[in-house]
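Q: Sequence:
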Amino acid sequence: MNIDKDIEKLLESITTNDKSINDAIHYFIESLPGYKNSLHSSLTIKKYKRCLIDDPKYSFKVYLNSSSVERLSQISKQQLEEYKDFLLNFLEVHTVRSYITAVKQFLSCCQRLEWIGKDLLKNYHLPKIVKPHEIKTIPAEVQNEILGNEWGTNPFMVTRNHLINCFFIRHGLRPLEFPRIKESHIHPYKDLCYLDIYGKRLQHRQVMLDEVSLKALREYMVQRAAFKYGKKIKNDHLFLCMIPRNGSYVISKSGVQAVVRRIKQELQLRGCLWNLDTLNPQGCRRSAVSREYEKAEYLPVQHPEFTLSGQFGHSFAIAQQHYWKKSMKNAYLMIKGGEQVEKNLSSEILPPEGSNKSTDIYPDASFFKDFGMDI
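For the record, in the sequence shown the residue sitting at position 180 is 171 according to this note's numbering, with numbers rising by one throughout.
In short, the hints are calculated from the structure, not lab data. Take these hints with a grain of salt, some might be off.
Claimed, not checked - Listed below are the simulated PhoX-like cross-link pairs for lysine-lysine, each with C-alpha atoms no more than 25 Å apart in a straight line:
id, residue 1, residue 2
1, Lys75, Lys38
2, Lys191, Lys255
3, Lys244, Lys173
4, Lys113, Lys95
5, Lys119, Lys52
6, Lys119, Lys48
7, Lys255, Lys219
8, Lys75, Lys40
9, Lys52, Lys113
10, Lys52, Lys38
11, Lys320, Lys173
12, Lys68, Lys10
13, Lys52, Lys68
14, Lys206, Lys244
15, Lys75, Lys119
16, Lys191, Lys181
17, Lys173, Lys113
18, Lys40, Lys10
19, Lys68, Lys119
20, Lys10, Lys119
21, Lys95, Lys119
Model the full assembly from the supplied sequences, consistent with the hints where possible.
A: This is the structure:
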């Protein structure tokens, strides 16, 4: 009688195409192109075999056997989801994706052979790789601690590194952009000033400086003027170094990177991750040519309280809408924190339009001359 029952089960499996999981997996592995061909990538076949049958802990067959599932017809969608969750509890997402890919290919093969009648792969996706979210705002306390450090062996280096610190943390300048800044790239705007910055492929943008950076610039220019006078330097580049390279005192990109690397280490010690790709406080790095960006000059800055450290900068999404390289009005309001500042400044006595630009930042006509700049 037992033999008759086994024969009946065999005949039933043949007529219904109900394969055992072990036989189906072996058939799938052997049917892969290049199974016995050394010219084909055997690593894929080994990976599928390990994920489906060879792994003693996490293979698909071992998991189904632990659930008393031995036939293809017994596999359900819920079991597939539970298998994915089971893997995620013990393995990394990248490894789990390999296992789930092998399972999806195996079930897809079974469906094409009509061994499985129901569509088990519908809405069955690979687990997503969750990227670590970086901190997009640096707390004001951390900024003050880092900006309060004095890095250098003499007043010139201390003020220069402090200015690099301000430009990097508060305005998002890249190391490549520092050596290209010249004296002629500093322009006044009301009681602040902005810089012409040239990045990759000499792409031009303008950056409005805040009061802290402007103060650091003023202190550095005083030390820079004394350094230029002592060394008899006639170079008009903003950032200089102590030791010349090939007869030039212009700071190199590697010199800026040394300071930036130290800043990043200080940020990491305080639990802050800095990525210029996700956060650029000063907005777009590309030249705006469309009319939509031209309208940004007349739009108010939305939610200035949500800016970097509650005072400065914007996220890249907001900056794309409300800031571009010619929008000095928005950049100024972004630094000052609202339109009320513009109303207060409009009531103050401003220099006449025909006055020299170098005297428009401060009432004192010797402002830039104190920097050692012959403007």
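Q: Each hint should be assessed against the structure and marked as holding or not.
A: Hint-by-hint comparison with the structure:
Pair hint Lys75 plus Lys38 holds up; C-alpha atoms about 17 Å apart against a cutoff of 25 Å. Taking the CA atoms of Lys191 and Lys255, the gap is about 21 Å. The hint holds against a cut of 25 Å. Distance check on the hinted pair: Lys244 and Lys173 sit about 15 Å apart at the alpha-carbon level, within 25 Å; holds. Of the pairs offered as hints, the one joining Lys113 and Lys95 holds, with about 10 Å between alpha carbons and a cut-off of 25 Å not exceeded.
For the proposed pair Lys119 and Lys52, the alpha carbon gap of about 24 Å is at most 25 Å, so the pair holds. Taking the CA atoms of Lys119 and Lys48, the gap is about 23 Å. The hint holds against a cut of 25 Å. For the hint linking Lys255 to Lys219, the alpha-carbon distance of about 30 Å lies beyond 25 Å, and the restraint is violated. With a CA separation close to 17 Å, the supplied pair Lys75 and Lys40 stays within the 25 Å bound.
With a C-alpha separation of about 21 Å, the suggested pair Lys52 and Lys113 falls inside the 25 Å cut-off, and the hint holds. A distance of roughly 14 Å separates the Cα atoms of Lys52 and Lys38; the hinted pair therefore holds under the 25 Å criterion. With a CA separation close to 23 Å, the supplied pair Lys320 and Lys173 stays within the 25 Å bound. This hinted pair checks out: Lys68 and Lys10 have alpha carbons roughly 18 Å apart, not beyond 25 Å.
For the given pair, Lys52 sits about 15 Å from Lys68 by alpha-carbon distance, which is consistent with the 25 Å threshold. Between Lys206 and Lys244, the direct Cα distance comes to roughly 24 Å. Compliance with the 25 Å bound is thereby established for this hinted pair. A hinted pair counts as satisfied when its Cα atoms are at most 25 Å apart, and Lys75 with Lys119 qualifies at roughly 12 Å. A hinted pair counts as satisfied when its Cα atoms are at most 25 Å apart, and Lys191 with Lys181 does not qualify at roughly 29 Å.
Between Lys173 and Lys113 the alpha-carbon distance is near 60 Å, which puts this suggested pair outside the 25 Å criterion. Distance hint between Lys40 and Lys10 is fulfilled; the C-alpha atoms sit about 18 Å from each other, no more than 25 Å. Distance restraint check for Lys68 and Lys119: the Cα-Cα separation of roughly 19 Å lies within the 25 Å cut-off, and the hinted pair is therefore satisfied. For a cut-off of 25 Å, the pair hint linking Lys10 to Lys119 is broken: about 32 Å separates their Cα positions.
Between Lys95 and Lys119 the alpha-carbon distance is near 15 Å, which keeps this suggested pair within the 25 Å criterion.
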